[in-house]
Each structure stands twice: as C-alpha cells, then as structure tokens.
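Colleague: Per this note's numbering, the sequence shown starts with residue 157, numbered consecutively.
Please note that a few of the clues may not be correct.
For each label pair, taking beta carbons as the anchor points, the in silico distance ranges come out as [what the hints assert, rightly or not]:
no., residue 1, residue 2, range
1, 468, 273, 43 to 49 Å
2, 588, 344, 25 to 31 Å
3, 419, 355, 42 to 48 Å
4, 667, 501, 19 to 25 Å
5, 405, 588, 18 to 24 Å
6, 344, 250, 45 to 51 Å
7, 534, 396, 49 to 55 Å
8, 328, 422, 39 to 45 Å
9, 528, 444, 30 to 36 Å
10, 532, 376, 27 to 33 Å
11, 400, 273, 18 to 24 Å
12, 354, 473, 39 to 45 Å
13, 266, 372, 18 to 24 Å
It is worth saying that the hints were derived from the structure and are not from the lab. For every residue, glycine included, the Cβ atom is placed at its ideal position computed from N, Cα and C.
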Amino acid sequence: MYPKISAAMDRGIPIFKRWVPGWAVKIILFSLILPTLVLFFLPFANINAAAGYYGGEPADIQFSVALFYAGYIAFYSLERRFFYFLAAKEYFILFTMLALITTLVCYLTNDLYLWFPIRFFQGMLFSSTVNLSLSLMFTRLHSERAREISFSVFFGMLICILPFTNLVTADLIDSYNFNLVYKGALFSYLPCLCLIMLCMNNVRLNVRLHLYKLDWQSFVFWSIVLTLLGYITIYGQEYYWIGDPRIYYSAVAIIVSTLIYIVRQKGLKHPYLHLKIFRFRNFKFAAFLIFVLYICRFAANVTNSFFAGVLKLDPIHISYINSFNLAGLVAGVIISCAMILQKKNIRFIWFPGFMLLLIFHAIMFFLFATEADENNFYAPLFMQGLGVGMIMVPTIVYAISAVPVAIGPSATSICSTMGYVGFCINAAILNFCELYEKGRHYNAFQDHLTRVDQFARQTLLVRSNHLLSKGLSLKQAAKGANKQLVNTVNQQIQIRFAMDYYELMSIMLVITLLLIALFPYLNRTAVYLRSRRLAPA
C-alpha cells in the first residue's frame with residue numbers, strides 16, 4: 157500500500173521512537189485498529205435495539221452498515237493522496253481526532269438522518285486508519301511469508317469482527333441503551349491517541365505531494381453509485397422496486413453516474429481505478445468468487461434471527477453460540493494461510509471451503525424446527541466459519557497476484573467492491589425472502605386456519621383447556637389460545653423463510669462448486685504475491 161514507508165525505514169528514519177520496542181508498536185497500532193473495526197458492523201450487534209434507539213426499522217440498520225462500507229470503498233483510492241500530503245504522525249492524529257468526533261456525535265444523537273452521513277464518513281476514516289496501521293505493523297517484514305501472513309491477519313480480523321462485536325457488546329446493549337457502545341469506543345480511542353503522540357517521531361517518510369488535481373469528481377460519482385446500490389437493494393423489496401419513484405430515480409442515477417465515471421476513467425492519465433484489470437481472466441473469476449462468498453457469509457444472520465424469534469434465546473446467549481463460528485473463522489484463516497505458504501493448488505483451497513459452506517446450509521435446512529437442542533448448532537456454525545476463513549484470504553491474494561503489480565491497488569479496491577456488491581445482493585435476497593416469502597407462507601397458513609378447519613379447532617380446544625386448567629376464565633382462555641396459535645403460525649413462517657433462504661444459497665453453492673471443478677485453467681494455478689508492497693485493505 158505504501159512502498160515509501162519501507163524505503164524510509166531502510167534509510168534509517170525511525171517512525172517510532174527508538175525506546176519503543178517492536179511488540180509495543182504492534183500493540184499500539186492494533187489497539188487503534190480494533191475500535192475502528194468494531195464500528196464497522198456495530199449496528200448488527202443487535203439490530204432490534206439499534207432500530208428502536210434511532211426510531212427506524214431493521215432495513216435502516218442494514219443501510220447504515222452499507223453506508224459505512226460504501227465510504228470505505230469509495231475513499232480507498234483517494235486516501236493515499238492525503239497520506240502523501242501529511243506526515244505519518246500528523247496523519248494519525250488528524251484521522252484519530254476525526255474518528256473521536258464522529259463517535260461522539262453517534263453517542264450524543266439518536267437522529268437517524270444525522271447518523272447516516274456520519275456512518276459514511278466513518279467508513280472513509282476506516283479506510284485511512286486501518287490501511288496505514290497495517291502497513292506500519294508489517295513494514296519490516298520483507299519475505300513472501302511475511303506478506304501472506306499480513307494479508308491473513310487483516311482479512312482474518314475483518315471477517316471475525318462481526319461475531320467478535322456480538323460477543324463483546326451483547327451484554328452492554330442488553331443492559332443499557334444502544335449508544336453506550338459508542339461511549340466505550342470513545343474511551344478506547346483516547347489511550348491510542350495519547351500513545352501515538354508520545355511514541356511517534358515527527359518525520360516525513362516521503363516527499364510532500366500537495367493536494368492539487370485531486371480527483372474528487374471520481375470519488376463523488378463512485379460514492380453515488382455505491383450508496384444508491386445499497387439503497388436500492390435494501391429498500392427495493394419494501395418499496396416494490398421500480399414501481400416506486402424513489403427506487404426508479406435511484407436506478408437512473410446509478411446508470412448515469414456509472415457511465416460518466418467510466419468515461420472519466422478512460423480519459424484520465426492517472427485513473428481512479430484501472431479498468432483494464434478486467435482483461436485478466438483469473439482476476440474476474442476470483443472477483444466472482446468473492447461476490448459469492450459475501451452473499452453466503454451473512455447466512456449466520458438468518459440463524460441468529462431463528463435463535464431469537466423461534467427458540468427465544470436472548471442476545472447474550474446467541475453471542476456465546478456464535479463463538480463457535482468465531483473459532484471456525486480463526487481456524488480457517490490459519491489453515492488457508494498455511495496452504496498459501498505451501499503454494500497449494502488453488503482448487504484444493506476453494507473446493508473444501510465452498511463444500512463446507514454447502515454442508516452447513518444443508519444441515520441447517522433440516523435443523524430448523526420449533527424446538528431444538530442448541531448443542532446441535534455448534535458444529536454447523538464452526539463449519540460455516542471454517543469455510544469462510546479458508547476461502548477469504550486465498551481469493552484476495554489470488555486476485556491481486558493475477559494482475560500486474562502496478563495496478564494491484566485497483567485490484568484490491570475492486571475485490572472490496574465485489575464484497576460490497578455481494579453484501580448488498582445478500583440484503584436484497586434476505587428482504588425478498590422475509591417480506592415476500594413470509595407473506596406467501598402466511599397466506600398459505602391462513603387458508604387452513606379457519607373456524608371450520610378440524611385441526612385448527614382441535615388445536616384451539618387443547619390450548620384453551622390447558623389455560624383453563626391454569627385458572628384462567630373461559631374468555632381469557634379463548635383469547636390466550638388464539639394468541640398462542642398466532643405465535644405458532646409466526647414461528648412456522650420464520651422457519652419456512654429460513655428454509656427458503658438456505659435452499660437458495662445451497663443451489664448457488666452447488667453451481668459455484670461445479671464452476672470450480674470444471675474450469676480447466678485452475679488445474680495448475682497456485683496463489684502467490686509477486687510484489688513486496690503491502691496492500692492489505
């Protein structure tokens with residue numbers, strides 16, 4: 157990402173003061189990265205609590221994560237210009253202070269429409285802070301082994317952050333208001349800022365490059381495309397797609413902005429993104445697999461909804477169950493890193509990873525029921541984490557190594573973009589299954605739940621007699637029986653929605669496995685990096 161960092165250090169320019177040991181530098185940088193990573197998927201820690209606090213709906217919480225993601229991707233290519241303009245210490249202090257201010261605003265406000273732009277800006281800060289921190293952490297690691305390990309560390313942290321956030325914040329959100337987690341992030345930033353001011357030298361690692369000819373126009377058009385893509389996919393099903401003017405004009409704006417953006421890139425001497433990376437076959441296939449992976453990656457959210465809505469588990473208990481998924485992610489990243497270092501055939505990494513995801517979806521399809529033993533979910537959740545962990549890092553490394561070194565940053569940015577598109581498409585599929593399929597199943601149940609249906613009458617009678625035996629009056633027992641029957645129907649609808657979603661994911665994974673098995677040029681392909689540059693994000 158920043159090749160001049162290594163060059164400056166080789167000339168004897170220390171970034172940190174000499175009395176600061178190397179392990180302390182990594183701890184300082186890691187402690188700076190962690191709160192920024194936690195902010196990424198923080199609204200997903202408890203969607204209902206976040207929606208209640210901001211007075212919105214679950215779709216608004218999904219959109220807030222999409223805005224953070226869009227800000228990160230859109231600012232990625234522009235961020236290096238600010239690094240070349242500022243000294244490293246100034247850079248850290250400025251962006252950490254901005255992160256503190258935005259976190260403070262999130263803590264103080266519950267206005268949804270003020271929160272949205274702040275989330276986009278936090279995504280931009282995420283791009284700056286995390287990229288530079290990770291580059292500094294691994295700047296003295298020159299061997300190919302070190303580069304692969306650095307990629308594994310970053311992407312491992314990125315895919316682990318969702319279950320990790322659920323685990324560390326579940327108790328706080330369940331006991332206090334949702335915004336208390338922002339207060340925790342504020343206090344976690346302050347020690348990092350003080351340590352950076354104390355331990356870093358005020359040196360410039362590269363020639364100062366002024367911010368003239370800053371391609372902010374490309375940034376604006378790219379931001380519009382990404383933001384509106386998230387808006388359409390998340391709210392489209394709720395608003396009946398292009399039948400609603402909001403969705404229709406958003407789609408038109410995406411098409412117009414994309415055309416202007418492409419024309420601009422072809423006319424620029426230094427394009428925002430090098431579109432010629434799409435000429436490389438291996439890169440296109442890797443980008444497709446990242447897209448598929450991100451669609452499947454958030455399947456655990458459906459499982460969590462099942463735990464909460466059907467099995468009636470509290471958020472703290474759900475976070476403990478998801479610790480098995482977290483363990484699987486860590487194990488998968490370690491295994492994939494070892495296989496990359498041994499230069500294994502890429503097919504031997506992808507095929508087991510996607511097969512584990514397929515097995516997870518198939519097992520979960522048969523585990524959805526109104527009553528279940530939570531012990532039965534430990535192995536499938538671990539399996540899902542293991543599959544995602546095995547696929548993520550090799551696919552990113554494979555995509556970057558498939559293009560020339562000079563356009564490697566553009567390849568990384570497009571890979572992140574494909575992950576974002578996969579996230580948005582997953583949200584669209586979830587909303588389709590939840591809004592349309594739930595309605596279809598509800599109507600199907602309603603056709604049978606009538607006064608003349610013998611089974612429905614028998615069920616109401618049994619439930620009424622049970623409530624009468626508990627001391628309720630005849631009228632109260634009748635109302636209670638009706639309410640229990642409605643709750644049972646809602647549980648069945650939730651189960652059918654989850655089964656439909658997992659069935660659709662299984663079909664997609666079968667097609668992906670066939671593509672991996674049948675593509676002939678993957679037979680002799682291994683993953684390796686041909687550059688010493690670190691571009692972990």
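Colleague: Look at each hint and say if it fits the structure.
Modeller: These are the hints, each one checked on the structure:
no.: 1; hint: 468 to 273: 43 to 49 Å; verdict: 37 Å, violated
no.: 2; hint: 588 to 344: 25 to 31 Å; verdict: 38 Å, violated
no.: 3; hint: 419 to 355: 42 to 48 Å; verdict: 47 Å, holds
no.: 4; hint: 667 to 501: 19 to 25 Å; verdict: 21 Å, holds
no.: 5; hint: 405 to 588: 18 to 24 Å; verdict: 21 Å, holds
no.: 6; hint: 344 to 250: 45 to 51 Å; verdict: 18 Å, violated
no.: 7; hint: 534 to 396: 49 to 55 Å; verdict: 40 Å, violated
no.: 8; hint: 328 to 422: 39 to 45 Å; verdict: 50 Å, violated
no.: 9; hint: 528 to 444: 30 to 36 Å; verdict: 35 Å, holds
no.: 10; hint: 532 to 376: 27 to 33 Å; verdict: 50 Å, violated
no.: 11; hint: 400 to 273: 18 to 24 Å; verdict: 23 Å, holds
no.: 12; hint: 354 to 473: 39 to 45 Å; verdict: 42 Å, holds
no.: 13; hint: 266 to 372: 18 to 24 Å; verdict: 31 Å, violated
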